[in-house]
Amino acid sequence: MKISISKIIIFSFVIFLLSVFWMGLKINNNYDTKSLVGNKISKFHLIEIYDDAQHISEDDLKKKKFTLINFFASWCAPCRTEHKYLLKLSKERKKIKIIGINFKDKKNNAINFLEELGDPYSFVGKDSEGRISILFGIYGIPESILVDSNLTIIKKIVGPIDQIQYDEILKITK
Amino acid sequence: MKLKIFILLFYVLSVGLTHSSENQTKLLEIYKNLRCLVCQGQSIADSNSDFAATIKLVVEDQFNEGKTEDEIYSFLISKYGEWIVYQPTFNKNNFLLWVLPYLIFIFGGFIIFLIVRKTKYNRVN
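Here the protein sequences come in this chain order: A and B.
Here the first sequence is numbered in this note's numbering, starting from 1 and rising by one per residue.
Here the second sequence is numbered in this note's numbering, starting from 1 and rising by one per residue.
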């Protein structure tokens, strides 16, 4: 039986295309910014929500072994659900510094939010226009970033912290 | 004298407006090349979402600081990955995306060449 070269080429090309499409189906297409893990955080300058004279920068994060940077807002419902885990974390893991960044919020509303639910943060900075959130690759809140004393991102949590995420943070910071 | 002052004022204002309009056009061009990550198929230019508004602010800041278009894209890619730009850069992960159309084009040409040659051969015989 004679098989022409063109038929072999067409067959190979079809197999090649099908393999590419099959590989495409296997790839997870859900977008997130977890690829930032392993990168260093950018330089930032954060002014405290209570007192404009107080501020921190990335250098202040080098003093603690771990820092959890949490983006929250009083108008964000999932932020309420994750808040109990942040409070627990602040009590159970003293070696983690928790910094809150209040995202596009009104000062009074943010303060009321923390008075009502408790304040797990050692510093609450304001990001009233959202500019700082872009430095951290944030695209929705709540989001949390765990960094070590070298300012390297070791975990990025997109969405509210739940029991699973909480346990993972405890495991990482053991 | 008054006429001279009026002309000078008119000139300064028109130059200022043209410059500002050029900047706005350039910014709009950049916004159009950026994908809104929280929207369905919209660019930053088309979207009124919170995320798009923040990206617009940051792009404008960097543009006013004198950063080039490529520097702005690089900064955003470093924070959000290649997905944020509509035209990703050529790398090992997406080389097929860039090369495949050319491969298909060459392959199609080759097939047409084979068919034409075969038809001619059949006619001769």
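Please keep in mind that the hints were generated in silico from the structure rather than gathered at the bench.
A portion of the hints provided could be inaccurate.
Capping the alpha-carbon separation at 25 Å, the derived lysine to aspartate or glutamate pairs in DMTMM-like fashion look like this [to be verified]: (1) A:Lys84 with A:Asp148; (2) A:Lys107 with B:Asp70; (3) A:Lys126 with B:Glu60; (4) A:Lys40 with B:Asp70; (5) B:Lys92 with A:Glu129; (6) A:Lys126 with B:Glu65; (7) B:Lys56 with A:Asp148; (8) A:Lys43 with B:Glu71; (9) A:Lys40 with B:Glu22; (10) A:Lys63 with B:Asp50; (11) A:Lys40 with B:Glu69; (12) B:Lys79 with A:Asp32; (13) B:Lys79 with A:Glu48; (14) A:Lys107 with B:Glu65; (15) B:Lys79 with A:Asp119; (16) A:Lys84 with A:Asp167; (17) B:Lys118 with B:Glu69; (18) B:Lys67 with A:Glu48; (19) A:Lys62 with B:Glu71; (20) A:Lys104 with B:Asp70; (21) A:Lys40 with B:Glu29; (22) A:Lys43 with B:Glu82; (23) B:Lys79 with A:Glu115; (24) B:Lys56 with A:Asp167; (25) A:Lys126 with B:Asp50; (26) B:Lys79 with A:Glu92; (27) A:Lys43 with B:Asp46; (28) A:Lys43 with B:Glu22.
Check: Hey, Lys56 of chain B versus Asp167 of chain A, does the alpha-carbon distance stay inside 25 Å?
Finding: Measuring from Cα to Cα gives roughly 37 Å; hence the hint is violated.
Note to self: With the threshold set at 25 Å, check whether the alpha-carbon distance from Lys40 of chain A to Glu22 of chain B stays at or below it.
What the structure shows: violated, 36 Å
Next item on the list: Measure nothing beyond the straight line between the CA atoms of Lys63 of chain A and Asp50 of chain B; if it is 25 Å or shorter, mark the hint as holding.
Entry: Roughly 33 Å separates the two Cα atoms, so the pair is violated.
Next item on the list: Verify the proposed pairing of Lys92 of chain B with Glu129 of chain A, using a straight-line Cα cut of 25 Å.
Entry: Distance ~37 Å between Lys92 of chain B and Glu129 of chain A Cα, so the pair is violated.
Check: Regarding the pair Lys79 of chain B and Glu92 of chain A, is the alpha-carbon distance no greater than 25 Å?
Finding: Given pair Lys79 of chain B, Glu92 of chain A is violated - Cα atoms ~31 Å apart, limit 25 Å.
Item checked: Straight-line alpha-carbon gap Lys84 of chain A to Asp167 of chain A, limit 25 Å -> holds, 13 Å
Next item on the list: For the pair we were handed, Lys118 of chain B and Glu69 of chain B, check the Cα-Cα distance against 25 Å.
Entry: violated, 52 Å
Check: Would the pair Lys62 of chain A and Glu71 of chain B pass a check requiring their Cα atoms to be no farther apart than 25 Å?
Finding: Violated, at roughly 28 Å.
Check: Are the Cα positions of Lys126 of chain A and Glu65 of chain B separated by 25 Å at most?
Finding: holds, 23 Å
Next item on the list: Compare the distance between the alpha carbons of Lys104 of chain A and Asp70 of chain B with 25 Å, and conclude whether the hinted pair is satisfied.
Entry: Status violated; Cα separation ~28 Å.
Check: Are Lys40 of chain A and Glu29 of chain B close enough, with their CA atoms no more than 25 Å apart?
Finding: violated, 30 Å
Check: Lys43 of chain A and Asp46 of chain B: Cα distance at most 25 Å?
Finding: At roughly 30 Å apart (the allowed maximum being 25 Å), Asp46 of chain B and Lys43 of chain A break the hint.
Of the numbered hints listed earlier, those contradicted by the structure are 2, 5, 7, 9, 10, 14, 15, 17, 18, 19, 20, 21, 23, 24, 26, 27, 28.
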